[in-house]
Amino acid sequence: MITPPQQDSVGRRISASYHAGALTWTEHKVPRPANVAERKSRGPTDPARYKLREPARPAAPKLRQRGPAAGPGSNPTAKRPFARLAATDPARFEAMMAVLLVVVVAVVFAGVKFVNRPMHVNAVPCGASPNAVAVDSVTNTIYVTNNLPDTVSVIDGWSHTVVAAVPVGHHPDGVAVDSVTHTVFVANSDSHTVSVINGSTHAVIATVPVGNAPFGVTVNPYTHNVYVANYGHPSTVSVINGLTRTVDATIPVGNGPFGVAVDLVTNAVYATNSGDHTVSVINGATDTLTATVPLGNSADGVAVDSDTHTVYVANYGHPTLSVIDGSTHTVTGTVRVGNDPFGVAVDPSTHLVYVANFADNSVSVINGSTLKVIATEPVGYNPDAVAVDPNTHTVYVTDYADHMVSVFKAR
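Residue numbers (full-length UniProt numbering): 1 to 411.
Errors might be hidden in some of the hints.
[Unchecked claim] Computed beta-carbon distance windows for the label pairs:
{"#": "1", "residue 1": "T328", "residue 2": "A164", "range": "35 to 45 Å"}
{"#": "2", "residue 1": "H393", "residue 2": "T290", "range": "52 to 62 Å"}
{"#": "3", "residue 1": "D156", "residue 2": "T290", "range": "17 to 27 Å"}
{"#": "4", "residue 1": "L148", "residue 2": "A91", "range": "31 to 41 Å"}
{"#": "5", "residue 1": "N255", "residue 2": "T223", "range": "23 to 33 Å"}
Rather than coming from a laboratory, the hints here were simulated on the basis of the structure.
Using N, Cα and C, we set each Cβ at its ideal position, and we do this for glycine too.
Using the sequences and the hints, build the whole thing.
The following block contains the structure:
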């Protein structure tokens, strides 16, 4: 019996024959082309082999199996642990998910800095590092100096939105407004100048050279005189005629004058000297130094209640506010406030005093009649200046580290 020839797995042609009860295998070698070119040069033996065929579709990617490879006894449809727990014990699964959610939220919140603002406190974004603020109570416009971008943000008091940003000198550190002429005066500490801004057009209309490193600035709207505390050596107060925009006088004061305020009734000017912890008293009519009040603590921000002729001085580095009788030029009281008090403002209508506590992120509200703290308002980070609109009784606080202005109403 003879079977037809066949090929094995390596291309050899074999045949088998059966002779006399014995099976015999015969191997036949099949010649192959020497190279690919030779194979391609041969003519087609079957035209169907050379018809165009659709390209083969790529094989589906194999999914990588997580964990150990499935064994012979594994169940490919077995549920994962969380899915199995959700199916068998839903209550326990929900409890685990709740705990996991709490952990995730705690981790996220730990890396985020939040500002503790009460519901009645609004925040108005302004420029970087705001450090001084003044209010035009007639136009309800607020002016904020931004120390790093060298600008002044103009805020609409009705909508609490920034309507303009005015470029000024280098490192603006103080601002004051003449509410009669609606002129704004900005002390630029690194430029040693005062920028004068038209409050109607929001444009700088003059630049006045003053002393070394001007910081604090105030204006008497009745005389239109502007007083600038020049912190650098020699320590002086420059007196600018706000109408002619020229320096009329330069008055020597104590070491490192920082803040300055004026009594609108007596025309007495008070300059805080942070270097020797004193307050210089200037006669605004004669531009002469009339008294020096020792404090014992660092003197920084200052404000005056013109109705009671009371002067309030923030003692930065000490949690206190010094109270000076403007008639006798003596310290009559000390009020404990927050840590590192810096800016001070007085509402002449309510006689409330507002103190910005730089290290506590708060504003102390003091009854000027009883000298008692009646409220502590949380604001943004590092509040350093404060102003109040006597018509609306709205308080504005510059938050130096938040680049915002906190806004709240007296309660």
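Verification of the hints:
{"no.": "1", "hint": "T328 to A164: 35 to 45 Å", "result": "holds (44 Å)"}
{"no.": "2", "hint": "H393 to T290: 52 to 62 Å", "result": "violated (33 Å)"}
{"no.": "3", "hint": "D156 to T290: 17 to 27 Å", "result": "violated (40 Å)"}
{"no.": "4", "hint": "L148 to A91: 31 to 41 Å", "result": "violated (55 Å)"}
{"no.": "5", "hint": "N255 to T223: 23 to 33 Å", "result": "holds (27 Å)"}
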